[in-house]
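Chemist: Chain by chain, the residues run as shown.
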Amino acid sequence: MVLKLVIAATALVMMLLAVTKVPLRYNARNVAVRWKTTAMTALAFTVVIGLLTVMLGFVNGMYQLTLHSGQPGNVIVLSDRATDEVVSNLLPTDVGDLERQPGILRDGDRPMASRETYFVVNQPLRNARAGRPGRRFVQVRGLDDPELSARVHGLEMLPGGQWFSSAGVREAADAGDPRQRELVEAVLGEGVAGELGRDRDPATAASWRRPDRLDVGDTFPLGGRTWVVAGVLNSGGSTFNSEVWAKRSLMGGMFGKDTYTSLVCRTADAESARKLKEFFTTQYRKSSVLAQVETDYYESLSNTNKQFLYAIAFVTAVMAIGGAFGVMNTMFAAISQRIRDIGVLRLLGYRRRQILVSFLLESLIIALVGGLAGCALGYLANGLSATSIVNAGPGGGKSVVLRLIIDARILGVGFLLAIAMGLLGGLIPSLSAMRLKPLESLR
Amino acid sequence: MKLGILIFRNLRRNLLRSILTSLGTVVLVFVVTLVWSILAFLQAATEEKTRNLKAIVTERWSIPSRLPFSYAATLAEGAARSPQDVRPLDSMNWQFYGGTVDPEKISRESLIYAIASDPRKIPTMLDGLESLPPDQEEQLRKDVEKLAATRQGVIVGRNHLTALNKRIGDRFKLFGISTYMGIDLEFEIVGAFPPGRYDGLAAFNSDYYLNELDAYARRNNGRKHPLAEHSLNLVWLKLADTDAFNRVAEQIESSPSFNSPAVKCETAASGIASFLDAFRDLIWGMRWLLAPACVATLSLIIANAISISIRERRLELAVLKVLGFRPWQILTLVLGESVLLGSLSGLASAVATYAAVNWWMQGLKFPIAFFDAFFIPSDAMVWGFCVGAAASLAGSFLPAWSACRVKVADVFSKVA
Chain E
6 MVLKLVIAAT ALVMMLLAVT KVPLRYNARN VAVRWKTTAM TALAFTVVIG LLTVMLGFVN
66 GMYQLTLHSG QPGNVIVLSD RATDEVVSNL LPTDVGDLER QPGILRDGDR PMASRETYFV
126 VNQPLRNARA GRPGRRFVQV RGLDDPELSA RVHGLEMLPG GQWFSSAGVR EAADAGDPRQ
186 RELVEAVLGE GVAGELGRDR DPATAASWRR PDRLDVGDTF PLGGRTWVVA GVLNSGGSTF
246 NSEVWAKRSL MGGMFGKDTY TSLVCRTADA ESARKLKEFF TTQYRKSSVL AQVETDYYES
306 LSNTNKQFLY AIAFVTAVMA IGGAFGVMNT MFAAISQRIR DIGVLRLLGY RRRQILVSFL
366 LESLIIALVG GLAGCALGYL ANGLSATSIV NAGPGGGKSV VLRLIIDARI LGVGFLLAIA
426 MGLLGGLIPS LSAMRLKPLE SLR
Chain W
89 MKLGILIFRN LRRNLLRSIL TSLGTVVLVF VVTLVWSILA FLQAATEEKT RNLKAIVTER
149 WSIPSRLPFS YAATLAEGAA RSPQDVRPLD SMNWQFYGGT VDPEKISRES LIYAIASDPR
209 KIPTMLDGLE SLPPDQEEQL RKDVEKLAAT RQGVIVGRNH LTALNKRIGD RFKLFGISTY
269 MGIDLEFEIV GAFPPGRYDG LAAFNSDYYL NELDAYARRN NGRKHPLAEH SLNLVWLKLA
329 DTDAFNRVAE QIESSPSFNS PAVKCETAAS GIASFLDAFR DLIWGMRWLL APACVATLSL
389 IIANAISISI RERRLELAVL KVLGFRPWQI LTLVLGESVL LGSLSGLASA VATYAAVNWW
449 MQGLKFPIAF FDAFFIPSDA MVWGFCVGAA ASLAGSFLPA WSACRVKVAD VFSKVA
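Residue numbers (my numbering), protein chains in the order written: chain E, 6 to 448; chain W, 89 to 504.
Here chain E stands alone, though its shape is the one from the complex (with noise of 0.2 Å):
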């Protein structure tokens, strides 16, 4: 869609540069004659589409996420109107039938199913930064069997972690206090590796193993117990990148949840999870569920990312017209300047639609140039990390650690906006340019 957009823009600029007998010459040196107040107007298209890049790479950045977290093969399954993961409660007995079921993919005598516990705790800062709250939520997913899950969800672990033991815990090689000797094993995402790296204390910096996250080996104290890190997933990309796995049975002592919140099954293909998202729904009768495909679960928690989408799309929309006011006032003074050379183009034969059009594409030209420098700037962010959270509605909803992604896409939004706000602010000047009369103009 973009694409074509961008092709018809193109067309339209070509098409002018078609229509118009005026050389373009002529605008382009008028532009550079008049280059301080080109570059000006030039540099205010370049704020306004650069800051447009980088929102829109944020919210794409965050579509990617919800896009890239579920397996179309998958099925979640949570408890009838469940809104989020965390209101869910499946009891064990319920998940062992519904595991069962037939069109579940088997792994031996063990069904592909993933049983999970989703928990959201708090986690005191005691490094907290100026400026930042004394502590911030830590999403904890428990699991019975991690290595089976990681491959229900297509996710495999960094060279050099291990997935945790079927207990859960370790002894500590060098702990004093007892209280302390045994260690939480966790398997952690990047993203919540880094975030949990960052708030380290800076004076124990000699004995990190990775100054941007922690690493194997690395501890980290959560829910009044010591964790230690047995591996990071490679979960980039995905909202897994988030999230801090353990032994189920474990967390549900520490955080007082002994159910499960979701049972997320492997199916042969898309189709096949289709079929059993439909049996859940309509034929399943031992327990009341609510099954999604889970492509189509990670598509309802892009709620956020609308509602993000709206408000940029408006603010945008008023910057854009507060720079089309830019454009206006460049031209008109350009026009004004040049009254003389309308009369003598006029005099010489030019049409009035080809001087409508000269003018139009001096607009276009400075746009075009500001709005490339604009989506230039943009592109600097991409790949930069920020944290934000996705959600289906309230009474829910994931913090995620995601990576600006500023793509053709989002460069071509861009350049169209570029586009249509030198139109937008060359037009009516230029309409004014072509309904000068040659006499009076000379005058």
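The reader is advised that the hints may include incorrect statements.
Okay, the calculated bits of chain E under chain W, using three or more residues with CB under 8 Å as the criterion [stated by the list, open to error]: (1) 52 to 60; (2) 78 to 86; (3) 386 to 394.
Treat the hints as calculated values from the structure; they're not laboratory data. Nothing here was measured: the structure is a model prediction, and the numbers come from that model. Quick reminder that beta carbons are idealized off the backbone N, C-alpha and C, glycines included.
Mind docking chain W on chain E? Use the hints.
Modeler: Then chain W, alone, in the frame of chain E:
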């Protein structure tokens, strides 16, 4: 005085340019006003108070917080164990309940999240309701009285009235969702919250909710609802000052009554700041990218307009010099034109934004954490004026400097 008249006349001379510059200022100050209003509200909500502050008691580790209702009475007393201990000035229990009017199709419109509490606490413990205009305060007092007298009564926010297409006096049924499954409640709307912050909230009698939790067990052969033992979500406490907060927090967190689950006591500002932390990059972007970009664009538009104006008026400026105008007077003249235009346009924009958002739109709908809508503070008039003035001053300084350095001989030699 003469300079002032000259400034006005100059602005009127090229009316089109003045109008375009003014319109550019109006739209960009509009964005800045919206952004700063949101930031100012969040700043105020997360700013620690030293007197008359509120504390919030929740489960120590887990979100959402779920506490036994048996904690309520002791927490309302600040876990005071001896006469010397500090007691809160006031308190309010919150028990959340979520339901839908349409169990077949759960949507944003059909969902209602409500708090079950003691109705008499609503006017004194909900932020912002203690300082309402007299007519709204009187209406709220009547609604709260009705709620206290009506077991199945509910006070709802305006958004819910619109979404449900209901009026005060109507009845509706909510079917419990998520962890509230199995608890279906029938309500009679006895009043509406004043427009603004509580547009998305509903509040009803705690007694009704507790009775329905008990009734669930009776309907299910004695099997208790999963929330029966954990129906209390949080307790608000009103405290005189920071010292009282510190003592009450210590009393609560060291109390043996709250072991399973453990609780934490923090100031409301601290609690809100924690919830907003997930949005920190978004807020940073609004504060340090969006608002400055608007001001920068505005400065560029004004700089452009003034530069054009100076270039067109070089001859006139030279004549002024010949007539005895000093460079500082020319500088003042040009800066005055720009600042007058910018500040008045900024002020007009802020006034219009205030009226449009607060009166017409009933708040700026931009949900962040648990804040549904934002209002434009009256301070925005000052911001608008100052942003317009500052941006125009910054944008016009260089053109004005070049204007006051116009060399008379150069200008007239070119004319000749």
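Chemist: Taking 8 Å as the Cβ threshold, is the statement that the stretch 52 to 60 of chain E is covered by chain W upheld or broken by the three-residue rule?
Modeler: holds (count 6)
Chemist: Within the assertion that chain W covers the stretch 386 to 394 of chain E, do at least three residues meet a Cβ-to-Cβ distance smaller than 8 Å?
Modeler: Check passed, 4 qualifying residues.
Chemist: Taking 8 Å as the C-beta cutoff, is the stated coverage of the stretch 78 to 86 of chain E by chain W satisfied by three or more residues?
Modeler: holds (count 3)
The structure meets every hint from the earlier list without exception.
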